[in-house]
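Quick mapping for you: the protein sequence lines, in order, are chains A and B. Heads up: take any position in the first sequence, counting from 1, add 584, and you land on my numbering. Heads up: take any position in the second sequence, counting from 1, add 67, and you land on my numbering.
Hints are supplied without guarantee of correctness; some may be wrong.
[Said to hold, decoys possible] Straight-line C-alpha distance at most 30 Å; calculated BS3-like pairs for lysine-lysine:
| no. | chain 1 | residue 1 | chain 2 | residue 2 |
| --- | --- | --- | --- | --- |
| 1 | A | Lys-823 | A | Lys-847 |
| 2 | B | Lys-327 | A | Lys-980 |
| 3 | A | Lys-980 | B | Lys-324 |
| 4 | B | Lys-432 | A | Lys-848 |
| 5 | B | Lys-435 | A | Lys-847 |
| 6 | B | Lys-432 | A | Lys-869 |
| 7 | A | Lys-765 | B | Lys-432 |
| 8 | B | Lys-324 | A | Lys-823 |
| 9 | B | Lys-327 | A | Lys-765 |
| 10 | B | Lys-414 | A | Lys-869 |
| 11 | A | Lys-778 | A | Lys-624 |
| 12 | A | Lys-847 | B | Lys-432 |
Hints in this document: simulated from the structure, not taken from any laboratory. As the structure is a prediction and not an experimental result, all values here were calculated from the model.
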Amino acid sequence: MDLRFTSEEQEFRQEVRSFIAANLDQETHASMLAGHRPSKDQIVAWQRVLNKKGWATVDWPAEFGGTGWNIIRRHIFREEVQAYPAPEPLAFGVYMVGPVIITFGNEDQKKKFLPRIANLDDWWCQGFSEPGSGSDLASLKTAARRDGDHYIVNGQKTWTTYAQYADWIFCLVRTNPQAAKPQEGISFLLIDMKSPGLTVRPIVTVDGGREINEVFFDDVKVPIENLVGVENRGWDCAKFLLSNERVNTARIGATKERLRRLKKLAAEAQEGGRPLIEDQSFAEKLADLEIELKALEITQLRVLANENKNGKGKPDPASSVLKLRGTELQQRITELTLQAAGPHGLVGENLDAPLGHNEDEIAPEWMRLAAPTYFNTRKVTIYGGSNEIQRNIIAKQILGL
Amino acid sequence: MDFDLSDEQRLLRDNVERLSAPTEAAPQGTAWSRERWKQFAELGLLALPFDEADGGLGWGAVETMIVMEAFGKGLVREPYLSTVVIGGGLVRHGCGDAVRKELAGRIASGELVVAFAHVEREARHELADVALSARKTTEGFVLDGVKSVVPHGDEAELLFVSARTGGERHARDGISLFRIDAKAKGVTRRAYGLADGTPGAEVRLDNVVVSADMLVGEVGKALPLIERVTDEAIAALCAEAVGVMSVMCDMTVSYLKTRKQFGRPIGAFQALQHRAADMFIGLEQARSMAVYATMMATENDPAQRSAAISAAKVTIGRNGRFIGEQAVQLHGGIGMTMEYRLGAYFKRMTSIGLMFGDADHHLRKVAKAGGLEQITA
Numbered sequence: 585m586d587l588r589f590t591s592e593e594q595e596f597r598q599e600v601r602s603f604i605a606a607n608l609d610q611e612t613h614a615s616m617l618a619g620h621r622p623s624k625d626q627i628v629a630w631q632r633v634l635n636k637k638g639w640a641t642v643d644w645p646a647e648f649g650g651t652g653w654n655i656i657r658r659h660i661f662r663e664e665v666q667a668y669p670a671p672e673p674l675a676f677g678v679y680m681v682g683p684v685i686i687t688f689g690n691e692d693q694k695k696k697f698l699p700r701i702a703n704l705d706d707w708w709c710q711g712f713s714e715p716g717s718g719s720d721l722a723s724l725k726t727a728a729r730r731d732g733d734h735y736i737v738n739g740q741k742t743w744t745t746y747a748q749y750a751d752w753i754f755c756l757v758r759t760n761p762q763a764a765k766p767q768e769g770i771s772f773l774l775i776d777m778k779s780p781g782l783t784v785r786p787i788v789t790v791d792g793g794r795e796i797n798e799v800f801f802d803d804v805k806v807p808i809e810n811l812v813g814v815e816n817r818g819w820d821c822a823k824f825l826l827s828n829e830r831v832n833t834a835r836i837g838a839t840k841e842r843l844r845r846l847k848k849l850a851a852e853a854q855e856g857g858r859p860l861i862e863d864q865s866f867a868e869k870l871a872d873l874e875i876e877l878k879a880l881e882i883t884q885l886r887v888l889a890n891e892n893k894n895g896k897g898k899p900d901p902a903s904s905v906l907k908l909r910g911t912e913l914q915q916r917i918t919e920l921t922l923q924a925a926g927p928h929g930l931v932g933e934n935l936d937a938p939l940g941h942n943e944d945e946i947a948p949e950w951m952r953l954a955a956p957t958y959f960n961t962r963k964v965t966i967y968g969g970s971n972e973i974q975r976n977i978i979a980k981q982i983l984g985l
Numbered sequence: 068m069d070f071d072l073s074d075e076q077r078l079l080r081d082n083v084e085r086l087s088a089p090t091e092a093a094p095q096g097t098a099w100s101r102e103r104w105k106q107f108a109e110l111g112l113l114a115l116p117f118d119e120a121d122g123g124l125g126w127g128a129v130e131t132m133i134v135m136e137a138f139g140k141g142l143v144r145e146p147y148l149s150t151v152v153i154g155g156g157l158v159r160h161g162c163g164d165a166v167r168k169e170l171a172g173r174i175a176s177g178e179l180v181v182a183f184a185h186v187e188r189e190a191r192h193e194l195a196d197v198a199l200s201a202r203k204t205t206e207g208f209v210l211d212g213v214k215s216v217v218p219h220g221d222e223a224e225l226l227f228v229s230a231r232t233g234g235e236r237h238a239r240d241g242i243s244l245f246r247i248d249a250k251a252k253g254v255t256r257r258a259y260g261l262a263d264g265t266p267g268a269e270v271r272l273d274n275v276v277v278s279a280d281m282l283v284g285e286v287g288k289a290l291p292l293i294e295r296v297t298d299e300a301i302a303a304l305c306a307e308a309v310g311v312m313s314v315m316c317d318m319t320v321s322y323l324k325t326r327k328q329f330g331r332p333i334g335a336f337q338a339l340q341h342r343a344a345d346m347f348i349g350l351e352q353a354r355s356m357a358v359y360a361t362m363m364a365t366e367n368d369p370a371q372r373s374a375a376i377s378a379a380k381v382t383i384g385r386n387g388r389f390i391g392e393q394a395v396q397l398h399g400g401i402g403m404t405m406e407y408r409l410g411a412y413f414k415r416m417t418s419i420g421l422m423f424g425d426a427d428h429h430l431r432k433v434a435k436a437g438g439l440e441q442i443t444a
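Work the whole structure out from these sequences, hints included.
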């Protein structure tokens with residue numbers, strides 16, 4: 585038992601960090617440091633830099649363009665990208681539909697889609713949730729009726745992140761309404777966003793941001809070769825995808841980066857003539873957060889080490905712990921940042937606004953972003969299976985209740 | 068990066084778990100078994116941390132963690148922490164060659180029980196708050212004062228006593244450490260049981276005369292040694308706590324599956340499922356921090372070591388209290404009885420939470436240190 589990283593692993597970390605420093609666009613970095621989300625163009629540009637280097641899809645098997653790194657190196661890579669911070673891969677492609685196609689797809693689908701995911705030639709979005717199907721995902725109603733060599737899709741998806749940019753959407757659709765169990769009549773379909781009958785309508789979130797959408801399907805024709813895996817067995821793909829998602833939503837590296845930044849900001853912000861960070865109550869809240877983050881970091885390494893030992897494709901049910909605590913910590917950091925901003929946290933700004941404008945600033949940028957970031961981050965305990973659903977998973981799958 | 072135990076370590080764990088299997092009923096009174104202590108000695112557990120040159124096994128913090136977690140599961144009350152972890156630590160890091168060899172041998176054989184007499188009534192959790200005085204004389208020192216909470220102080224043959232040889236009451240400088248024979252003239256002990264039934268004592272020293280060679284280390288410079296050994300003790304306690312918590316979680320989950328109300332197992336109710344899930348999360352996070360404390364207990368930089376150990380104690384203190392309280396709550400009335408084993412674990416967890424500083428004390432320490440990762444920019 586040894587928790588320290590080996591000197592090879594430390595060298596590897598340095599190599600990743602140097603590569604990011606030498607190759608990430610400065611403007612992208614500055615904008616992300618300030619707390620903005622990377623734009624579509626910034627995400628695409630960075631993904632192509634990584635793809636050129638061979639680091640676009642590090643978690644995929646080597647035969648499909650993965651790096652062949654072990655789980656520790658992949659962890660280090662992910663942490664460095666998050667902590668720098670640089671744009672993370674578009675999860676819907678690299679972490680979600682890519683692994684599903686690799687695991688359940690046929691040769692044609694692999695050839696057609698995987699290289700375009702790696703290079704972000706196709707922007708993917710996720711068609712799971714529906715107005716009537718959130719936590720109870722298997723109750724979904726969007727229907728796909730077989731008509732010759734096509735499916736005819738009718739229904740509605742919602743909360744679809746970045747559908748406005750998407751070239752493709754992967755969807756759970758109902759292909760057998762008569763199945764004995766709701767899970768047994770579902771299929772996993774890939775749908776071209778340019779298909780006639782498909783429309784996207786934006787949903788503005790509480791922070792004023794434009795991330796999510798509704799997607800409507802009105803007699804959308806989808807060729808049957810876009811079915812992944814076996815008809816009516818799409819639930820297997822969904823479960824596989826969701827357990828991968830739980831590992832990725834912990835985002836510990838990103839929270840570390842936000843915590844480092846918050847410590848600096850709290851050293852600059854004044855309260856009663858003293859730096860806020862010297863206020864005992866605030867300093868203890870920060871320490872508390874950092875301690876829980878350290879515990880989670882080690883829990884994550886334990887989960888990864890276990891998965892490494894037990895073989896690929898079998899996510900540890902303890903990954904629910906990561907999703908739960910990881911998202912709670914992401915939220916707490918935004919709460920503390922808003923608290924640090926003080927009254928200037930009232931001076932709002934849109935997260936999608938471009939960095940740096942020439943008007944006189946009413947408040948520093950980090951203060952203007954604190955409230956919208958806090959509002960927006962409430963989503964993390966809801967998506968990817970709400971934290972209450974994660975508790976159900978722990979109770980049932982781990983504790984056997 | 069490697070979380071696996073070696074074959075040797077797995078064997079150690081299995082042996083210790085076998086030797087420390089818990090009894091069916093809750094332990095009563097404050098008794099512990101000299102016979103089991105002898106079995107520990109035969110298995111080499113009492114020689115565990117000492118150098119091979121001193122007749123020890125030369126094992127480290129990971130092995131101590133393995134032993135302590137098993138002791139936590141078995142509610143072992145034998146004086147391992149006080150004799151081998153703390154006493155052994157003071158011997159290894161503080162005593163000169165001849166004394167170290169002699170004491171290591173006597174501890175390893177099971178002949179010597181050691182207690183650390185440090186806590187005083189006014190001091191709360193502050194290690195530097197030492198008032199018991201040691202006056203220098205021509206022959207040695209005269210010690211005068213009271214140590215109020217001394218685990219296993221009732222039966223220990225050897226006491227390590229901290230005393231002030233100079234400086235103000237809270238000063239870091241001026242604290243010295245002495246080896247005191249518990250039967251020395253002027254030493255009186257009032258035995259009592261700690262909250263969880265571990266035996267303890269108040270130790271009173273009335274002008275106890277000791278020779279100069281009973282001083283451990285340099286005069287007035289004992290605090291760094293005390294801090295180091297305390298950090299090692301906290302790391303060991305964190306591992307014990309994980310054992311205690313894991314049993315409370317297991318007992319609770321199994322009770323939720325068997326206890327029926329409203330015609331079904333109470334574990335079918337979501338309110339209780341979510342509580343159990345939160346207990347599980349608390350246990351996993353505590354386990355991670357116990358591993359962290361184990362790794363950091365041997366860190367050379369005292370500031371880094373101390374912040375890490377404090378962080379672990381915060382997690383253990385909070386999560387241990389949560390798991391203990393919820394375990395009793397979810398068991399209902401049966402969890403309140405003296406007879407049922409759960410209560411004994413709950414009480415042990417409470418004691419661990421109070422020993423060497425509670426969660427708030429250690430959170431303050433981490434906050435004061437600027438966190439685990441200091442920002443220099």
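Each hint, compared with the structure:
{"no.": "1", "hint": "Lys-823(A) to Lys-847(A)", "result": "violated, 38 Å"}
{"no.": "2", "hint": "Lys-327(B) to Lys-980(A)", "result": "holds, 18 Å"}
{"no.": "3", "hint": "Lys-980(A) to Lys-324(B)", "result": "holds, 12 Å"}
{"no.": "4", "hint": "Lys-432(B) to Lys-848(A)", "result": "holds, 19 Å"}
{"no.": "5", "hint": "Lys-435(B) to Lys-847(A)", "result": "holds, 13 Å"}
{"no.": "6", "hint": "Lys-432(B) to Lys-869(A)", "result": "holds, 12 Å"}
{"no.": "7", "hint": "Lys-765(A) to Lys-432(B)", "result": "violated, 55 Å"}
{"no.": "8", "hint": "Lys-324(B) to Lys-823(A)", "result": "holds, 26 Å"}
{"no.": "9", "hint": "Lys-327(B) to Lys-765(A)", "result": "holds, 29 Å"}
{"no.": "10", "hint": "Lys-414(B) to Lys-869(A)", "result": "holds, 28 Å"}
{"no.": "11", "hint": "Lys-778(A) to Lys-624(A)", "result": "holds, 18 Å"}
{"no.": "12", "hint": "Lys-847(A) to Lys-432(B)", "result": "holds, 17 Å"}
Checked against the numbered hints listed earlier, the structure breaks hints 1 and 7; every other hint is satisfied.
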